[in-house]
Amino acid sequence: MRFFSRRRFNDDPADDDAILTDEGDDDERRWFQRREVVWGALAALLIVVAFGCWLGLRAQQAKSALEQARHSAQQTKDALLQGNTKDASRFAADAQSHAQAARDATHSVPWSIVSVVPWLGSPFKTGQQISDVVLGLAADVLKPVADAGTTIAPDQLLANGRLDVQALRKEEPALREIAANAARLDAAAQAIAVPSYLSAVDGARTQLQAQATDISRLLGDTALAAQLAPSMLGADGPRSYFMGFQTNAEARGTGGLLGGFGILRFDDGKPSVDSLGPNTELDKKFTPFSINPEFDEQYGFTNPTTDSRNSNQSSHFPYAAQIWKSLWSQQTGMNVDGVIAIDPVALSYILGATGPVTLPGGETVTKDNVVELTESTVYARFPDPADQSGRKQYLQDIATEVVKKITKPVESPRKLLNALGRAVSERRIAVWSSNPADQKLLEETPLAHVIPDDPAPYADVVINNLGGNKMDYYLDRQIEYVADGCDGDKRNSTVTVRLTNTLKDTAGLPDYVAGRLGFFPEFAGDIPRGTMLTSVRLLATQGAEVNGVLVNGKRTRVFGSTERGHPSFESQVAIPPGQTVELTFRLTEPNSPGAARVPVQPLADHPTPKVSVPVCSK
Numbered sequence: 002m003r004f005f006s007r008r009r010f011n012d013d014p015a016d017d018d019a020i021l022t023d024e025g026d027d028d029e030r031r032w033f034q035r036r037e038v039v040w041g042a043l044a045a046l047l048i049v050v051a052f053g054c055w056l057g058l059r060a061q062q063a064k065s066a067l068e069q070a071r072h073s074a075q076q077t078k079d080a081l082l083q084g085n086t087k088d089a090s091r092f093a094a095d096a097q098s099h100a101q102a103a104r105d106a107t108h109s110v111p112w113s114i115v116s117v118v119p120w121l122g123s124p125f126k127t128g129q130q131i132s133d134v135v136l137g138l139a140a141d142v143l144k145p146v147a148d149a150g151t152t153i154a155p156d157q158l159l160a161n162g163r164l165d166v167q168a169l170r171k172e173e174p175a176l177r178e179i180a181a182n183a184a185r186l187d188a189a190a191q192a193i194a195v196p197s198y199l200s201a202v203d204g205a206r207t208q209l210q211a212q213a214t215d216i217s218r219l220l221g222d223t224a225l226a227a228q229l230a231p232s233m234l235g236a237d238g239p240r241s242y243f244m245g246f247q248t249n250a251e252a253r254g255t256g257g258l259l260g261g262f263g264i265l266r267f268d269d270g271k272p273s274v275d276s277l278g279p280n281t282e283l284d285k286k287f288t289p290f291s292i293n294p295e296f297d298e299q300y301g302f303t304n305p306t307t308d309s310r311n312s313n314q315s316s317h318f319p320y321a322a323q324i325w326k327s328l329w330s331q332q333t334g335m336n337v338d339g340v341i342a343i344d345p346v347a348l349s350y351i352l353g354a355t356g357p358v359t360l361p362g363g364e365t366v367t368k369d370n371v372v373e374l375t376e377s378t379v380y381a382r383f384p385d386p387a388d389q390s391g392r393k394q395y396l397q398d399i400a401t402e403v404v405k406k407i408t409k410p411v412e413s414p415r416k417l418l419n420a421l422g423r424a425v426s427e428r429r430i431a432v433w434s435s436n437p438a439d440q441k442l443l444e445e446t447p448l449a450h451v452i453p454d455d456p457a458p459y460a461d462v463v464i465n466n467l468g469g470n471k472m473d474y475y476l477d478r479q480i481e482y483v484a485d486g487c488d489g490d491k492r493n494s495t496v497t498v499r500l501t502n503t504l505k506d507t508a509g510l511p512d513y514v515a516g517r518l519g520f521f522p523e524f525a526g527d528i529p530r531g532t533m534l535t536s537v538r539l540l541a542t543q544g545a546e547v548n549g550v551l552v553n554g555k556r557t558r559v560f561g562s563t564e565r566g567h568p569s570f571e572s573q574v575a576i577p578p579g580q581t582v583e584l585t586f587r588l589t590e591p592n593s594p595g596a597a598r599v600p601v602q603p604l605a606d607h608p609t610p611k612v613s614v615p616v617c618s619k
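Residue numbering for the sequence shown follows my numbering, beginning at 2 and increasing consecutively.
No lab work stands behind these hints: they were computed from the structure.
Check before you lean on any hint, since a few could be wrong.
Below 25 Å or equal to it, Euclidean Cα-Cα: the simulated BS3-like pairs (lysine-lysine) are [what the hints assert, rightly or not]:
(1) Lys64 to Lys144
(2) Lys406 to Lys271
(3) Lys171 to Lys271
(4) Lys271 to Lys326
(5) Lys326 to Lys285
(6) Lys326 to Lys393
(7) Lys368 to Lys393
(8) Lys441 to Lys505
(9) Lys271 to Lys416
(10) Lys441 to Lys144
(11) Lys271 to Lys409
(12) Lys64 to Lys271
(13) Lys393 to Lys405
(14) Lys611 to Lys171
(15) Lys87 to Lys171
(16) Lys368 to Lys416
(17) Lys405 to Lys416
(18) Lys271 to Lys405
(19) Lys416 to Lys326
(20) Lys144 to Lys171
(21) Lys171 to Lys78
(22) Lys619 to Lys491
(23) Lys368 to Lys326
(24) Lys78 to Lys64
(25) Lys416 to Lys406
(26) Lys285 to Lys393
(27) Lys78 to Lys144
(28) Lys144 to Lys326
(29) Lys416 to Lys87
(30) Lys491 to Lys611
(31) Lys409 to Lys368
Could you put together the complete structure from these sequences and hints?
In structure tokens form, the structure reads like this:
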């Protein structure tokens, strides 16, 4: 069998040339094809490189613009606090311009293209959302605040010892709108997507979320203050308030024992104070009254509505306020418009802003010594429990001089408002109004000190001194609230409370401080001087059940009750000097939505609770 080539034989040489020519054309064609592929690849590479450079340029522009916007925002804040409204408006406009540049960069063509690519575009999408929120904050919050700064700057708002309540009322609608915008942008910030990679972008996201929440809360409180303050501070006529000074060396639910008081008056924003008096001036035979059946059942046996010493065992400040108002009305026939509580730590913050005061005898009281003087030293100076008039007069003199300071023109209104703000944030100033509309607004602020009646996770540790001494100046608290995850309808939780008696030596302390006045006689002799006898009450999440309470690892007796819908579990412990007692509340609680709240009772120490409670959505 023969095999023949597919090539056609031909004797004509020209045909051979033709064949050679065809083969050359194929080689040339393949060469051109390869060249086209190479050039195409090069062109594609150049496009990718150019796109990357374009994107990188936009990224650098966005980063730079956001940093400049943040810097201008800080300059705006500083200018506002200094009362420089002209510069504040200019810096706010700069911040808005930089924020707009950042948004333009993150919404440019290359950025928008990459942002829609699955996974790869995740941080770019996050960057767009960040720039949108920053621009909104600059345009809808910062700029309007700067424009309103003429009336709300501290030096303008508080001048010559008077708060400009009329200007505050005038700006209230604008402040309410700004607060609404801040709340809207806070919600947008919390909804920013988590990037799949690039930790720097995620860091910027979480930082912005925290800042947006802080801004929203601050402006919300400011708007509420603008709505509330004019009425309460005498814009519509004079107002009067019973002002109680709480001695938190002897703990009570709202802070400390009611040690002294005065009547604070406001007339068109101008404050004045009547002469202060000690709690012993509340000395009439008072007529008891009912707060509500729940309160009466839990606290009634201590006569809280007729005995000022037991009037504020509950941490719900409106209860104490109503009792103090009633006591003053029965004592004098005067019906006040509200009640204010303050403690020595708050006074130290105020003295830090106003400067020291000098007592009639020449002694100087400063921010550094006022707490020790009023909660420790004073008892050593006046040790005789049978003659406490000197001690009470001394405390009254301190309170009088501090009040004089804050009711007169101050050198730095900004520092004073910052000091008051710090005291409010630590729950060291509480306010209640007898006007229902005002009180409703107050309960939206940190000033009200109410036990909330909603189902969100809650752990309120309330200390009451049962020993009749002044040992709580030496109390140190640690509080921890942990809970399981959100699976199912219920979860286990634990609230741990560590109480330390930091007193090492009772020598030199009178019995009035370190004695056992409130201890049962049958076992008081076995307890050393300086021991704290303490009621520890936990108000837990609504619907929570106690599985057991341990004191230093051993089960202990628990008294159960309910307050404003919250189950209450109380244990009583003795804490000798230099020792620590640990209480562990083991609970089962509903998986209620919302973030956990752990209010801190305002005593002499400054605990920061540790909270590890997952936020459940439903």
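Each hint, compared with the structure:
1. Lys64 to Lys144: holds, 21 Å
2. Lys406 to Lys271: Roughly 13 Å between the alpha carbons, so the hint for Lys406 and Lys271 holds.
3. Lys171 to Lys271: Cα-Cα ~18 Å, so holds.
4. Lys271 to Lys326: holds, 22 Å
5. Lys326 to Lys285: It holds: about 14 Å lies between the C-alpha atoms, which stays within 25 Å.
6. Lys326 to Lys393: holds, 21 Å
7. Lys368 to Lys393: holds, 20 Å
8. Lys441 to Lys505: violated, 46 Å
9. Lys271 to Lys416: holds, 19 Å
10. Lys441 to Lys144: violated, 30 Å
11. Lys271 to Lys409: holds, 9 Å
12. Lys64 to Lys271: violated, 48 Å
13. Lys393 to Lys405: holds, 18 Å
14. Lys611 to Lys171: Roughly 42 Å between the alpha carbons, so the hint for Lys611 and Lys171 is violated.
15. Lys87 to Lys171: Holds. Lys87 to Lys171 sits at ~20 Å (cutoff 25 Å).
16. Lys368 to Lys416: Between Lys368 and Lys416 the Cα gap is close to 13 Å, so the pair holds against 25 Å.
17. Lys405 to Lys416: holds, 17 Å
18. Lys271 to Lys405: Holds - the C-alpha atoms of Lys405 and Lys271 are around 13 Å apart, at most 25 Å.
19. Lys416 to Lys326: violated, 31 Å
20. Lys144 to Lys171: holds, 18 Å
21. Lys171 to Lys78: holds, 22 Å
22. Lys619 to Lys491: Measuring from Cα to Cα gives roughly 11 Å; hence the hint holds.
23. Lys368 to Lys326: Violated, at roughly 30 Å.
24. Lys78 to Lys64: holds, 21 Å
25. Lys416 to Lys406: holds, 13 Å
26. Lys285 to Lys393: holds, 19 Å
27. Lys78 to Lys144: Roughly 11 Å between the alpha carbons, so the hint for Lys78 and Lys144 holds.
28. Lys144 to Lys326: With Cα atoms ~43 Å apart, Lys144 and Lys326 exceed 25 Å; violated.
29. Lys416 to Lys87: Distance ~21 Å between Lys416 and Lys87 Cα, so the pair holds.
30. Lys491 to Lys611: The given pair, whose Cα atoms are some 21 Å apart, holds under the 25 Å limit.
31. Lys409 to Lys368: holds, 18 Å
When the structure is compared with the earlier hints, violations turn up for hints 8, 10, 12, 14, 19, 23, 28 and for no others.
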